[in-house]
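Mind assembling these two chains? They're in different frames, but the hints should get you there.
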Amino acid sequence: MTDDIISRERVGAPGALRRRIAGLSDRALAWVFIIPTIVLLLAINIFPLIWTIRLSLTNYRANRANDELEWVGLRNYERILTNPDIWNSMQATAHFLFWTLVLQVLIGFSLAYLINKKFKGNDLWTTIIVLPMMLSPAVVGNFWTFLYQPQIGLFNYAVAFVTGIDPASFSMIGDVRLAPWSIIIVDTWMWTPFVMLICLAGLRSIPDYIYEAAEVDRASRWRQFWTITIPMVLPFLMLAVLFRGIENFKMFDLVVQLTGGGPGSITELTSINLKREAFEKWRTGYSSAYAIILFVTVFGLASIYVKALNRVKQR
Amino acid sequence: MRRAHLAATAALSITAAFSTSQAQAADLTLCWAAWDPANALVELSKDFEAQSGHSMKFEFVPWPNFADRMLNELNSGGKLCDLMIGDSQWIGGSAENGHYVKLNDFFDANDITMSDFIDATVTGYSEWPKNTPNYWALPAFGDVVGWTYRKDWFEKPELQAEFKEKYGRDLGVPATLAELKDIAEFFQGREVDGKTVYGASIYTERGSEGITMGAMNALYSYGFKYENPDKPYDMEGFVNSPGAVAGLEYYKALYDCCTPPGSSNGYMSEGIDAFKSGQVALQMNFAFTWPGFESDANVGGGKTGYFVNPAGPDGEQFAQLGGQGISVVSYSSQQEAALEYIKWFAQPEVQAKWWAMGGFSCLKSVTLDPAFPQSQPYAQTFLDSMAVVKDFWAEPSYATLLQATQRRFHDYVVAGNGTAKEALDGLVRDWTETFEDDGKL
Numbered sequence: 001m002t003d004d005i006i007s008r009e010r011v012g013a014p015g016a017l018r019r020r021i022a023g024l025s026d027r028a029l030a031w032v033f034i035i036p037t038i039v040l041l042l043a044i045n046i047f048p049l050i051w052t053i054r055l056s057l058t059n060y061r062a063n064r065a066n067d068e069l070e071w072v073g074l075r076n077y078e079r080i081l082t083n084p085d086i087w088n089s090m091q092a093t094a095h096f097l098f099w100t101l102v103l104q105v106l107i108g109f110s111l112a113y114l115i116n117k118k119f120k121g122n123d124l125w126t127t128i129i130v131l132p133m134m135l136s137p138a139v140v141g142n143f144w145t146f147l148y149q150p151q152i153g154l155f156n157y158a159v160a161f162v163t164g165i166d167p168a169s170f171s172m173i174g175d176v177r178l179a180p181w182s183i184i185i186v187d188t189w190m191w192t193p194f195v196m197l198i199c200l201a202g203l204r205s206i207p208d209y210i211y212e213a214a215e216v217d218r219a220s221r222w223r224q225f226w227t228i229t230i231p232m233v234l235p236f237l238m239l240a241v242l243f244r245g246i247e248n249f250k251m252f253d254l255v256v257q258l259t260g261g262g263p264g265s266i267t268e269l270t271s272i273n274l275k276r277e278a279f280e281k282w283r284t285g286y287s288s289a290y291a292i293i294l295f296v297t298v299f300g301l302a303s304i305y306v307k308a309l310n311r312v313k314q315r
Numbered sequence: 001m002r003r004a005h006l007a008a009t010a011a012l013s014i015t016a017a018f019s020t021s022q023a024q025a026a027d028l029t030l031c032w033a034a035w036d037p038a039n040a041l042v043e044l045s046k047d048f049e050a051q052s053g054h055s056m057k058f059e060f061v062p063w064p065n066f067a068d069r070m071l072n073e074l075n076s077g078g079k080l081c082d083l084m085i086g087d088s089q090w091i092g093g094s095a096e097n098g099h100y101v102k103l104n105d106f107f108d109a110n111d112i113t114m115s116d117f118i119d120a121t122v123t124g125y126s127e128w129p130k131n132t133p134n135y136w137a138l139p140a141f142g143d144v145v146g147w148t149y150r151k152d153w154f155e156k157p158e159l160q161a162e163f164k165e166k167y168g169r170d171l172g173v174p175a176t177l178a179e180l181k182d183i184a185e186f187f188q189g190r191e192v193d194g195k196t197v198y199g200a201s202i203y204t205e206r207g208s209e210g211i212t213m214g215a216m217n218a219l220y221s222y223g224f225k226y227e228n229p230d231k232p233y234d235m236e237g238f239v240n241s242p243g244a245v246a247g248l249e250y251y252k253a254l255y256d257c258c259t260p261p262g263s264s265n266g267y268m269s270e271g272i273d274a275f276k277s278g279q280v281a282l283q284m285n286f287a288f289t290w291p292g293f294e295s296d297a298n299v300g301g302g303k304t305g306y307f308v309n310p311a312g313p314d315g316e317q318f319a320q321l322g323g324q325g326i327s328v329v330s331y332s333s334q335q336e337a338a339l340e341y342i343k344w345f346a347q348p349e350v351q352a353k354w355w356a357m358g359g360f361s362c363l364k365s366v367t368l369d370p371a372f373p374q375s376q377p378y379a380q381t382f383l384d385s386m387a388v389v390k391d392f393w394a395e396p397s398y399a400t401l402l403q404a405t406q407r408r409f410h411d412y413v414v415a416g417n418g419t420a421k422e423a424l425d426g427l428v429r430d431w432t433e434t435f436e437d438d439g440k441l
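The listed protein sequences derive, respectively, from chains A and B.
Mapping of the first sequence onto UniProt numbering: residues 1 to 315, in sequence order.
Mapping of the second sequence onto UniProt numbering: residues 1 to 441, in sequence order.
This is chain B alone, in the form it adopts within the complex (with noise of 0.2 Å):
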């Protein structure tokens, strides 16, 4: 009988500890964009999954419809995702709307400390109100505009000479954005192992942010600012000052001389095939798609080589900010879980082995490493670009914002109405009135 008892005491303590680890196992969902780096993510996953004794699960959006699909669950207050790694440009909105948990009380009971992260990634990704401790995301995955070229063809004894003879330089790496035209030009309609190839690709999409994501590049380096420093919301003769105005009509001139034909509508994946399929020299992209180009059989072993976007006229040179962070949605029923899954992955050793994965992690510790220059032949470029990025307004109303900025950018460059300064002019007057709208002004 004791015995007996004894038995059925032990079953019960096994049923109530294993029924204790089913109810504190969660079943988390992550939503991002479906891209090269989330097939990374979830290979990374797999190891909190064995830690942690949750599950994960994922959902990824094409990049087109991103921002629609999840800005629509985050509105409507739904529930399917517990973490989300939304885009930069949505955490204004995102804070304000009370879509995001606030992560400072978080960080400080774990020790996760901001600046071991790259400064302009916790600018980007996690502050606001901008430039203030206010964090409401973990940089997860730093992104930046950059450029790619055809480093074999730049190689060629021939085209060098040419090169040499017709601009009095040596084919090489641009360092101005002038320089980066006189390269496409130079390519533009040119036979290369007996094939036509074109000079440059660069960002042009009309439906979501691709023109605007292109031609920030130009027009930061040309002296651009969105407002005035001392004045928010301030945007005549910044906006549109002359150095801007030249930006674009530089934008312009690089899309009408030198880029393959049917390139109006172009973005990311346009940008990737055009450079693997050998069509163009030059490619500007972000530099999540550099891993790709460096397994890809033409154009990886060596054929690609990497650089900054180049400076303006006057000296100045930025390149667009991406990447995102990693928050946790405060309509989820699982924050606790959530929040577990965020501090394993800001530990360094998960951050060097999401690199090594072909995740561009934030962390310091990781891109400072005396090692990392040398760890991927784009690792250098990256740490340069990342050191002078701009991002596009975050505010509440960005997608308003972006949208104008879409429409005047691909009326003035691709469809070629009016001039540059009526398209800056245009902005203006657009980005005013959302603001009036929003009471800012």
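Chain A with its partners taken away, still in its complex shape (with noise of 0.2 Å):
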């Protein structure tokens, strides 16, 4: 295959470069036409991370980059690990993520769960819970600031009506207790239909005759559930949980735009903790040590949680 590939280039090659081509071998080529890749990615992503790991060991800021560099060896990293604020912004986004995934992977489930029967509508009712993902995060921020507005907003109109609680009386961005609900239910509000639709696509994977060798077993329905739907969809359920912990791990936009990280610092996840050290503070040794650090957090985590899905998958 490959030396028709070769003969074909020969036709059209100038002599020079056919002789040099005939003269590689077939790994000599793969190398040929991976070393581009490579460079790019050695560019983009390489590169900079260890660039970053050394500003990471200096008192570097990009906004006098004339001062002369100091290196400060891990002092950068020790007042990160040893600063109550950061941890608190860490507490912040465990507390994010955990919620956003249970809640998404419990609504999403049961939507594509029923999503999956055939009913009348069932392909509109599918385009309307999708439409939220398909929204600017900004957007979503700006427009739901207005629904939880005290005094105007719908979402206090709505609990009030059911409640029978004045709807100014609680503030969904103001209060320190429910600012961190607030987010976690714009975000699920949002990305459940992703959820949703990678639970639909596991769904539909199941080959219907194993439902039916399970009929012919006599098997109830409650355990066809527990014994076929579940460990079948585990694989796509937790992809989309992989998914979802690595978006909201950095979760940024949205939150800045609802609740500017506040009251206080209630919901100032790490990304906007950063991003104030980084770009607003100017602290860009200290910054990239935290960036380190979030990386290091964030890739420990994901290879764990992969192999566990290796596993899953295996069985």
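If you're looking for bench data, these hints aren't it; they were derived computationally from the structure.
Keep in mind the model is a prediction, meaning the values are calculated, not measured.
The beta-carbon is built from N, C-alpha and C at its ideal position, and this holds for glycine as well.
Don't take each hint at face value.
Said to hold, decoys possible - If you want the footprint, here are the derived chain A segments under chain B, 3+ residues with CB under 8 Å:
hint: 1; stretch: 49-63
hint: 2; stretch: 147-153
hint: 3; stretch: 160-173
hint: 4; stretch: 251-265
hint: 5; stretch: 271-284
Encoded structure:
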């Protein structure tokens, strides 16, 4: 096959190039094709990573590029890991991550399970449910700030309608206890359809004959659900959790638009905190160390998770 | 033949003259925030274009992103802006990092005298280091935090009578911050003209600089000082003095008692909306917003009154300085033309027109004109406010200092975490760390 390609190449290639290509082994030819990609990866991924590690060991500030660069060793790392504000930020991120994943998986799977049943208007409902994830996060953040407005917000009125309390008596984004939930609600509203779609793909990939065999064996619906549906959808579900986990770990735009990290710092997720350190305070060395810590955390967690995912798939 | 030669020479001369004037005409870009005064400046600058032959372009960025966008531009040595109307706090960093052109020689050569401008604006917008004759900008737009109130509500006889009975004094412009809080409490949740209204709109914004610009008005008047006057960067006992603590407690009390529901993240535009929609009796905001109230259908036509930020418990009275100076960006390739613009802008007749169009001129010949106080309903309040201004740090690390303040103040005032003393003690620690990093401590 490769020989065919090379002989076809020979027809149009100039003499010198033709001779060179003809002299290349398959392995060398593979390298010729791979090298541009490797160079690109090195330039846009590996080099910046190494450069960031280097910067993290200095006191460099990008807004004072002419200042003398001082090597500070691991001092930036030490300051970050002993900074209670950063731990608060990590805690806020963990809270956001945990609850968005739990809610999105539960609601997303339930919706997929319902949508998977054949009923009239199935396609229309699928389209309607998927709409929120097609919107821009900045737009979603902006209009949810209006929905959460205590005096005119529909959300507050809906809560008031159900519970009977005064809609102006609570502020979702201004109250320390409610603000973390306000961002969880919006993210869940926006991204549950994504989880639903992945789960739907999983549900539709289960062959009907398995359920038919279970019916022959007189397995109850409940048993079919736990022994057929869940195990076969699990790899898809885990993939959805991985995608949403990575996305939500770096959540920025939606939360900035909704709460700006407030009230106080209660919704200041690590990505917002990092942006403030890097591009408002211009502590480039410090924020590089912060970025490396976050990178190691995400990389470590993702690696463990991917291993678990592979194990589930092999079962 | 001779005639042909003459014609060719004339044609060449005309072409040469035309191309010379083309070469001299520059395409200047002025960068500023996107707000009403910027629109007025666009109109004003048409005179400059007509006189100089240069053309002007404008790059306006909304306030919440203004600092981010423009400081990135300066820090990266960008050539987008030839002229920058940058915030007052940028002056230290922009001077020390070489973003702005030093203007002393230019001012001397063109008879532009800094003593012709309001003193506070020269210190606030032009000088670095502060209180030294090193100028990096021409005061362009004077601004200060002040208050507006619903004059028409204050004049209602039934409200006046009720207020007098409750507080033992007339319902009028408050002389102290304590009186201001009484008025705000009086209006909170009250029915006025068939609508529920609230006491006051104040700054609480978390993301950029809002809550700092607001709370500082209370803190200054309660005795807060940035540092020991005799020992620079010595902050213990000044930033967290008992007066400063009481000032921050006051601001939280005002937020808790008297703001409309959902006021946890409001700045200039939210204040404007709350006031224009008839939601609040009192509103804290920068003076630049005042012309807009006069022309508004709901609150214009004499319904709005203005007053200076009231005094604290010991009679000290200060207000937070806003406003900006205009600078020439050192990375610009058209510095000559940019300086020409500044020379034009500094002229008294241009400054007078600037004020007439809604720009807050800083030139004394405009503001000290006997007709000035009567020129607009808010003119006297603007002058009185400019006499009592204080500004935030203008150090190169101002952004770090500001972010620490935003976090500490919002944590205490809005989120209700800890005490005012803890917030200010924390702020001293944050600021000390920043100055240590800068090698100033």
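Now the hints, each set against the structure:
1. Counting residues of the stretch 49-63 of chain A whose beta-carbon sits less than 8 Å from any beta-carbon of chain B gives 3, enough to reach three: the coverage restraint holds.
2. Counting residues of the stretch 147-153 of chain A whose C-beta lies closer than 8 Å to any C-beta of chain B gives 5; at least three are required, and the coverage claim holds.
3. Under a criterion of three residues with beta carbons nearer than 8 Å to beta carbons of chain B, the stated coverage of the stretch 160-173 of chain A is upheld, 4 such residues being counted.
4. Taking a C-beta to C-beta cut-off of 8 Å, the stretch 251-265 of chain A contributes 8 residues in contact with chain B, enough for the three needed, and the coverage statement holds.
5. Coverage of the stretch 271-284 of chain A by chain B holds in this model, with 6 residues showing a Cβ closer than 8 Å to a Cβ of that chain against a need of three.
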